[in-house]
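S.K.: Sequence:
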Amino acid sequence: MAEYRKLGRTSSQRKALLRGQVTSLLNNGKIVTTEARAKEVRKIAEGLIALAVKEKDNFETVTVTAKVAKKDSDGKRVKEIVDGKKVTVFETKEKTIKKDMPSRLHARRQMLKVLYSVTEVPKELAGKKKNTKEIDLTEKLFDEIAPKYVNRQGGYTRIVKIGPRRGDAAMQVILELV
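Per numbering that gives the first Met the number 0, residue 0 is the first one in the sequence shown, and the count goes up by one each step.
Rather than coming from a laboratory, the hints here were simulated on the basis of the structure. Each hint should be verified, as a subset may be incorrect.
Computed beta-carbon distance windows for the label pairs [to be verified]:
no., residue 1, residue 2, range
1, G46, V67, 37 to 43 Å
2, N130, A68, 17 to 23 Å
3, V177, S72, 45 to 51 Å
4, N26, N150, 20 to 26 Å
5, T131, I158, 31 to 37 Å
6, L6, K85, 28 to 34 Å
7, G74, K160, 47 to 53 Å
8, E90, A49, 30 to 36 Å
9, I96, I158, 21 to 27 Å
10, T9, N150, 38 to 44 Å
11, M100, P163, 43 to 49 Å
12, D167, A68, 27 to 33 Å
13, E143, K112, 34 to 40 Å
Just so you know, even glycine gets a beta-carbon here, dropped at the ideal spot from N, CA and C.
Starting from the given sequences, assemble the full structure and let the hints guide the process.
M.R.: So this is what it looks like as C-alpha coordinates:
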(Lines of atoms letter the chains of each structure in order from A and count residues from 1; the text may use other names and numbers.)
(Lines give C-alpha, C1' and ligand atoms only; values in the text may rest on other atoms or scores of the structure.)
Protein backbone atom coordinates (compact mmCIF):
# COMPACT_ATOMS: atom_id res chain seq x y z
CA MET A 1 0.00 0.00 0.00
CA ALA A 2 1.25 3.49 -0.85
CA GLU A 3 2.43 5.92 1.84
CA TYR A 4 0.46 8.80 0.36
CA ARG A 5 -2.36 9.53 -2.07
CA LYS A 6 -1.34 10.26 -5.64
CA LEU A 7 -4.41 12.42 -6.32
CA GLY A 8 -4.33 11.56 -10.04
CA ARG A 9 -1.37 13.83 -10.77
CA THR A 10 2.30 13.67 -11.58
CA SER A 11 4.68 14.21 -8.65
CA SER A 12 5.52 17.82 -9.54
CA GLN A 13 1.83 18.74 -9.98
CA ARG A 14 0.93 16.98 -6.74
CA LYS A 15 3.67 18.78 -4.77
CA ALA A 16 2.60 22.16 -6.20
CA LEU A 17 -1.06 21.48 -5.38
CA LEU A 18 -0.31 20.44 -1.81
CA ARG A 19 2.11 23.34 -1.22
CA GLY A 20 -0.51 25.79 -2.48
CA GLN A 21 -3.24 24.35 -0.29
CA VAL A 22 -1.03 24.24 2.83
CA THR A 23 -0.01 27.86 2.22
CA SER A 24 -3.64 28.88 1.78
CA LEU A 25 -4.72 26.99 4.92
CA LEU A 26 -2.08 28.63 7.11
CA ASN A 27 -2.69 32.07 5.61
CA ASN A 28 -6.53 32.03 5.78
CA GLY A 29 -7.27 29.56 8.57
CA LYS A 30 -9.53 27.31 6.48
CA ILE A 31 -10.01 25.99 2.94
CA VAL A 32 -12.67 24.06 1.02
CA THR A 33 -11.33 21.05 -0.88
CA THR A 34 -11.97 17.37 -1.52
CA GLU A 35 -11.64 14.79 1.23
CA ALA A 36 -8.58 13.04 -0.25
CA ARG A 37 -6.70 16.32 -0.72
CA ALA A 38 -7.66 17.49 2.77
CA LYS A 39 -6.19 14.37 4.35
CA GLU A 40 -2.88 14.92 2.54
CA VAL A 41 -2.79 18.66 3.32
CA ARG A 42 -3.56 17.87 6.96
CA LYS A 43 -0.39 15.72 7.28
CA ILE A 44 1.85 18.48 5.98
CA ALA A 45 0.17 21.33 7.88
CA GLU A 46 0.20 19.51 11.21
CA GLY A 47 3.89 18.74 10.77
CA LEU A 48 4.67 22.42 10.17
CA ILE A 49 2.59 23.53 13.15
CA ALA A 50 4.26 20.93 15.40
CA LEU A 51 7.64 22.23 14.27
CA ALA A 52 6.58 25.81 15.02
CA VAL A 53 5.29 24.86 18.48
CA LYS A 54 8.55 23.06 19.30
CA GLU A 55 10.78 26.01 18.24
CA LYS A 56 8.44 28.85 19.28
CA ASP A 57 10.64 30.38 22.02
CA ASN A 58 14.03 29.35 20.67
CA PHE A 59 15.48 32.79 19.88
CA GLU A 60 17.40 35.58 21.57
CA THR A 61 16.86 39.32 21.31
CA VAL A 62 19.87 41.34 20.22
CA THR A 63 20.36 45.09 20.01
CA VAL A 64 22.08 46.23 16.81
CA THR A 65 22.99 49.62 15.39
CA ALA A 66 22.05 50.29 11.80
CA LYS A 67 22.58 53.13 9.34
CA VAL A 68 19.18 54.36 8.17
CA ALA A 69 18.49 56.99 5.52
CA LYS A 70 17.12 60.19 7.04
CA LYS A 71 13.65 61.02 5.69
CA ASP A 72 11.64 64.23 5.49
CA SER A 73 7.93 64.73 6.31
CA ASP A 74 6.87 63.28 2.91
CA GLY A 75 8.87 60.08 3.52
CA LYS A 76 11.50 60.92 0.90
CA ARG A 77 15.22 60.63 1.57
CA VAL A 78 17.02 63.79 2.64
CA LYS A 79 19.92 64.64 0.32
CA GLU A 80 22.69 67.18 0.68
CA ILE A 81 25.32 68.38 -1.77
CA VAL A 82 28.88 67.21 -1.04
CA ASP A 83 31.63 68.02 -3.55
CA GLY A 84 29.05 68.93 -6.19
CA LYS A 85 27.15 65.59 -5.86
CA LYS A 86 23.82 64.84 -4.18
CA VAL A 87 24.43 62.40 -1.34
CA THR A 88 21.84 60.74 0.92
CA VAL A 89 22.12 61.64 4.60
CA PHE A 90 22.28 58.66 6.97
CA GLU A 91 21.73 58.43 10.72
CA THR A 92 22.46 55.56 13.12
CA LYS A 93 19.62 53.95 15.03
CA GLU A 94 19.53 51.12 17.53
CA LYS A 95 17.09 48.30 16.91
CA THR A 96 16.25 45.15 18.83
CA ILE A 97 15.86 42.10 16.64
CA LYS A 98 15.08 38.43 17.20
CA LYS A 99 18.05 36.23 16.37
CA ASP A 100 17.08 32.61 15.70
CA MET A 101 19.00 29.84 17.41
CA PRO A 102 20.36 27.21 14.97
CA SER A 103 17.50 24.72 15.47
CA ARG A 104 14.85 27.43 14.93
CA LEU A 105 16.64 28.62 11.81
CA HIS A 106 16.63 25.04 10.50
CA ALA A 107 12.90 24.78 11.29
CA ARG A 108 12.25 28.06 9.46
CA ARG A 109 14.08 26.77 6.37
CA GLN A 110 12.17 23.48 6.49
CA MET A 111 8.93 25.51 6.50
CA LEU A 112 10.11 27.65 3.60
CA LYS A 113 10.66 24.46 1.55
CA VAL A 114 6.91 23.82 1.75
CA LEU A 115 5.29 27.27 1.89
CA TYR A 116 4.89 29.64 -1.03
CA SER A 117 5.41 33.38 -0.56
CA VAL A 118 2.15 35.27 -0.04
CA THR A 119 1.44 38.81 -1.22
CA GLU A 120 -1.48 40.68 0.29
CA VAL A 121 -3.31 43.34 -1.70
CA PRO A 122 -5.58 45.81 0.14
CA LYS A 123 -9.15 45.74 -1.26
CA GLU A 124 -9.51 49.51 -1.73
CA LEU A 125 -6.30 49.75 -3.79
CA ALA A 126 -6.58 46.54 -5.80
CA GLY A 127 -4.55 46.46 -9.00
CA LYS A 128 -1.78 48.71 -7.67
CA LYS A 129 1.55 46.95 -7.30
CA LYS A 130 2.86 49.74 -5.08
CA ASN A 131 0.48 49.01 -2.18
CA THR A 132 1.04 45.26 -1.88
CA LYS A 133 2.85 43.74 1.07
CA GLU A 134 4.63 40.43 1.54
CA ILE A 135 3.34 38.19 4.36
CA ASP A 136 5.98 36.11 6.16
CA LEU A 137 4.12 32.87 6.87
CA THR A 138 6.97 31.39 8.92
CA GLU A 139 6.80 34.39 11.23
CA LYS A 140 3.00 33.98 11.40
CA LEU A 141 3.49 30.31 12.32
CA PHE A 142 5.92 31.15 15.12
CA ASP A 143 4.15 34.25 16.50
CA GLU A 144 0.41 33.69 15.96
CA ILE A 145 -0.37 30.03 15.28
CA ALA A 146 2.11 28.21 17.55
CA PRO A 147 1.16 30.02 20.81
CA LYS A 148 -2.46 28.84 20.37
CA TYR A 149 -1.38 25.18 20.32
CA VAL A 150 1.31 25.09 23.03
CA ASN A 151 -0.72 22.88 25.40
CA ARG A 152 -2.16 20.69 22.65
CA GLN A 153 -0.66 17.30 21.77
CA GLY A 154 -1.33 17.26 18.03
CA GLY A 155 -4.65 17.46 16.21
CA TYR A 156 -4.29 21.05 15.06
CA THR A 157 -6.73 20.75 12.14
CA ARG A 158 -10.36 19.68 11.73
CA ILE A 159 -12.09 18.18 8.68
CA VAL A 160 -15.84 18.86 8.35
CA LYS A 161 -17.76 17.19 5.51
CA ILE A 162 -20.09 19.53 3.61
CA GLY A 163 -21.49 17.19 0.96
CA PRO A 164 -20.79 16.10 -2.62
CA ARG A 165 -19.55 18.54 -5.25
CA ARG A 166 -21.80 19.32 -8.20
CA GLY A 167 -20.48 17.80 -11.37
CA ASP A 168 -18.38 14.85 -10.21
CA ALA A 169 -19.92 14.15 -6.76
CA ALA A 170 -16.53 14.23 -5.00
CA MET A 171 -16.97 14.68 -1.25
CA GLN A 172 -16.27 18.32 -0.35
CA VAL A 173 -14.86 19.17 3.08
CA ILE A 174 -13.79 22.22 5.05
CA LEU A 175 -10.27 21.88 6.42
CA GLU A 176 -9.70 24.38 9.22
CA LEU A 177 -7.31 25.12 12.02
CA VAL A 178 -8.85 24.18 15.39
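S.K.: Give a verdict on every hint.
M.R.: Checked hints:
no.: 1; hint: G46 to V67: 37 to 43 Å; result: 39 Å, holds
no.: 2; hint: N130 to A68: 17 to 23 Å; result: 21 Å, holds
no.: 3; hint: V177 to S72: 45 to 51 Å; result: 47 Å, holds
no.: 4; hint: N26 to N150: 20 to 26 Å; result: 24 Å, holds
no.: 5; hint: T131 to I158: 31 to 37 Å; result: 32 Å, holds
no.: 6; hint: L6 to K85: 28 to 34 Å; result: 58 Å, violated
no.: 7; hint: G74 to K160: 47 to 53 Å; result: 51 Å, holds
no.: 8; hint: E90 to A49: 30 to 36 Å; result: 43 Å, violated
no.: 9; hint: I96 to I158: 21 to 27 Å; result: 39 Å, violated
no.: 10; hint: T9 to N150: 38 to 44 Å; result: 41 Å, holds
no.: 11; hint: M100 to P163: 43 to 49 Å; result: 48 Å, holds
no.: 12; hint: D167 to A68: 27 to 33 Å; result: 56 Å, violated
no.: 13; hint: E143 to K112: 34 to 40 Å; result: 21 Å, violated
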